[in-house]
Every structure is written in structure tokens, then in C-alpha cells.
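J.: Could you build the full structure based on these sequences and the hints that come with them?
These protein sequence lines map, in sequence, to chains W and L.
Under the numbering used here, residues 1 to 89 are what the first sequence spells out, in order.
Under the numbering used here, residues 1 to 196 are what the second sequence spells out, in order.
I should point out that these hints are in silico values taken from the structure, not numbers from a laboratory.
Just so you know, even glycine gets a beta-carbon here, dropped at the ideal spot from N, CA and C.
Every clue listed holds true.
For each label pair, taking beta carbons as the anchor points, the in silico distance ranges come out as:
| no. | chain 1 | residue 1 | chain 2 | residue 2 | range |
| --- | --- | --- | --- | --- | --- |
| 1 | W | I10 | L | G44 | 27 to 33 Å |
| 2 | W | G62 | L | M115 | 48 to 54 Å |
| 3 | L | N141 | W | N18 | 30 to 36 Å |
| 4 | W | K89 | L | V91 | 21 to 27 Å |
| 5 | L | L181 | W | K89 | 41 to 47 Å |
| 6 | L | D78 | W | T51 | 26 to 32 Å |
The calculated BS3-like cross-link candidates involving lysine-lysine, where the alpha carbons are at most 25 Å apart (straight line), are:
| no. | chain 1 | residue 1 | chain 2 | residue 2 |
| --- | --- | --- | --- | --- |
| 7 | W | K41 | L | K188 |
| 8 | W | K89 | W | K32 |
| 9 | W | K41 | L | K34 |
| 10 | L | K102 | W | K57 |
| 11 | L | K188 | W | K89 |
| 12 | W | K63 | L | K192 |
| 13 | W | K57 | L | K164 |
| 14 | L | K82 | W | K57 |
| 15 | L | K161 | L | K192 |
| 16 | W | K89 | L | K192 |
| 17 | W | K89 | L | K158 |
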Amino acid sequence: MGDTDSIQIIDMRSIERNGILTAQVTIQNDSKSNLVSYRFKWLGKNGMTVTDEEPWKPVTVGKGQSTVIMGIAPTPDATDFRFELNQYK
Amino acid sequence: MIMKLKTIHLSTLLMSVAMLAACSGPQVRYGDAKSVETVNANYGSTDLQMIAEAMTRSLLQSKAISGSKDAPIVTLADVKNKTSEYIDTRVITDKIRTQLTKSGQVRFAVSVTEMQNQTDELKRQNQSGLYKGSTIAKTGNMQGAQFRIEGSIASIIKTNKDVKDVYYVFNLNLINNESGLIEWADEKEIRKTATR
Numbered sequence: 001m002g003d004t005d006s007i008q009i010i011d012m013r014s015i016e017r018n019g020i021l022t023a024q025v026t027i028q029n030d031s032k033s034n035l036v037s038y039r040f041k042w043l044g045k046n047g048m049t050v051t052d053e054e055p056w057k058p059v060t061v062g063k064g065q066s067t068v069i070m071g072i073a074p075t076p077d078a079t080d081f082r083f084e085l086n087q088y089k
Numbered sequence: 001m002i003m004k005l006k007t008i009h010l011s012t013l014l015m016s017v018a019m020l021a022a023c024s025g026p027q028v029r030y031g032d033a034k035s036v037e038t039v040n041a042n043y044g045s046t047d048l049q050m051i052a053e054a055m056t057r058s059l060l061q062s063k064a065i066s067g068s069k070d071a072p073i074v075t076l077a078d079v080k081n082k083t084s085e086y087i088d089t090r091v092i093t094d095k096i097r098t099q100l101t102k103s104g105q106v107r108f109a110v111s112v113t114e115m116q117n118q119t120d121e122l123k124r125q126n127q128s129g130l131y132k133g134s135t136i137a138k139t140g141n142m143q144g145a146q147f148r149i150e151g152s153i154a155s156i157i158k159t160n161k162d163v164k165d166v167y168y169v170f171n172l173n174l175i176n177n178e179s180g181l182i183e184w185a186d187e188k189e190i191r192k193t194a195t196r
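T.: Right under this line is the structure:
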């Protein structure tokens with residue numbers, strides 16, 4: 001979403017911790033612009049989202065730098081996730 | 001005569017344009033309540049949403065909550081505003097409470113601020129003599145909270161003529177009411193910089 005071509009997702013993994021799905025996404029920025037925001041979509045067994053949409057959260061990644069983003073599911077019903085990136089002004 | 005007519009026509013046109021501009025007013029659009037807000041460096045909706053989400057998710061994963069057989073009963077205590085800004089900390093804790101309640105992992109007992117409404121309702125049902133006995137919510141059955149949530153928000157603000165740098169740190173604790181032990185604590189840091 002938005003112009004996030006310069007952002008590469010270099011790693012994405014998840015684990016269940018204390019019964020709650022926890023996701024970890026590593027992103028890398030190859031351009032000057034670092035005004036990106038992200039959010040997770042948490043899905044249940046039937047593929048439907050388990051809660052309302054999350055707010056977009058800004059993240060600062062310098063040129064050539066990578067950063068690790070952690071996401072924790074809002075309920076134990078979440079079994080899968082989607083990761084969304086966007087650019088904000 | 002022709003010149004005079006033209007002048008009248010032109011002035012009527014100008015007046016119509018001016019009236020239309022005055023009547024049109026500001027353009028109103030609905031926006032995305034979840035989008036990143038960067039109007040200025042003051043505390044804003046994105047900060048509120050980020051703080052509430054980070055605290056809720058961290059708390060849900062804590063052993064105090066996830067390790068309980070039944071959803072533990074929690075109550076909201078104070079979140080102190082130690083910043084120089086006006087921040088309604090109750091909105092933050094209410095948002096945390098809503099998200100935790102929706103998760104189904106936690107139950108909330110009425111907080112101190114809501115206690116008056118609770119006792120008023122019990123009094124109304126028990127003392128007014130208006131209600132059928134079998135339907136009355138009896139006194140003495142309220143449940144005490146095992147835990148309380150309290151915390152603080154503080155800020156460091158630095159400015160020069162070109163830059164305003166704001167750093168917020170929000171701290172939240174889950175305290176066992178019986179033992180007085182802090183069972184979980186977490187913090188959320190936010191840095192914002194406004195440049196001219």
C-alpha cells in the first residue's frame with residue numbers, strides 16, 4: 001500500500017507464546033524516505049479477522065537500515081496474520 | 001446607458017460569486033481514524049492508539065493473565081500524567097480496558113470512579129421498594145479485583161527555533177491487590193520531532 005517499494009521484507013516468522021500468536025517481521029529500507037507505517041491483520045481458523053483493524057503505527061527506518069517489528073495477536077483465537085506496510089505524509 | 005448596464009451586470013456577477021463562496025463553507029470528509037496523525041508534535045490520536053495497543057498486547061501475553069484458569073478480575077486505578085500537556089489518561093486506560101475485555105481473557109470490576117453509579121443502582125433496586133424481590137441485584141455480592149492496573153505517562157520536550165523534539169514514555173503496571181506484588185510491567189516509548 002502507498003509507495004513502499006524501497007522497503008524490503010527480509011524475514012517473517014511467528015511463534016505461539018503463552019497461548020498468544022506472536023509475529024516478528026524484519027524490514028529493510030533502501031531509500032531516503034522512511035515515513036512508513038505498518039499494521040498486522042490477525043486471522044482466525046476460518047480466515048476471518050479476529051478483531052477490528054489495527055491502527056497504523058509509524059516506524060522509522062534509516063537508509064540502508066533494517067528494523068525488527070513485533071506483533072502480538074489481540075486474542076488467543078488468532079492463528080495466522082498478514083503484515084501491511086503503508087507510507088504516510 | 002450601455003456602460004451603466006454593464007457595470008450593474010458585472011457587480012451582480014461579482015456579488016453572486018462572493019455569496020456562493022461564503023455559502024459553500026469548509027469541505028468536510030470522513031477520514032481513517034486509524035491513520036497516522038502528524039498535525040503537530042503534541043500528544044495525538046496515533047500516540048493514544050499505539051500506547052493502548054502495545055500495553056494491551058503485552059499484558060495479554062503476561063503469565064499473570066494467560067496463566068490464569070479463569071479470566072482474572074482486574075480494576076483500573078490511576079494513570080498519572082507527569083507531562084506538561086493536558087492528557088486525558090482515563091481515555092488511555094478505558095481503551096486498554098475495552099481491548100482487554102474484548103479479548104475475553106480479563107474481566108473488569110468497576111473502578112473507583114464508577115463506584116458511585118454502582119452503589120446508586122444497588123440502592124435504587126434494594127431501597128426504593130419498587131422492584132420485585134426475586135429480580136433485585138442483592139448487595140454484598142460484588143466481586144473484588146485480584147489485580148489493579150496503574151501507571152504514568154511522562155515526557156521530555158526540547159525545542160530550539162527550528163526543531164521541537166518530544167519524547168513520551170508510558171509506563172503501566174499490573175499489581176496483585178492481595179500481595180502487593182507487581183506481576184507485570186511494560187513501557188511504550190514514543191519520539192516525535194517537528195521541524196520548520
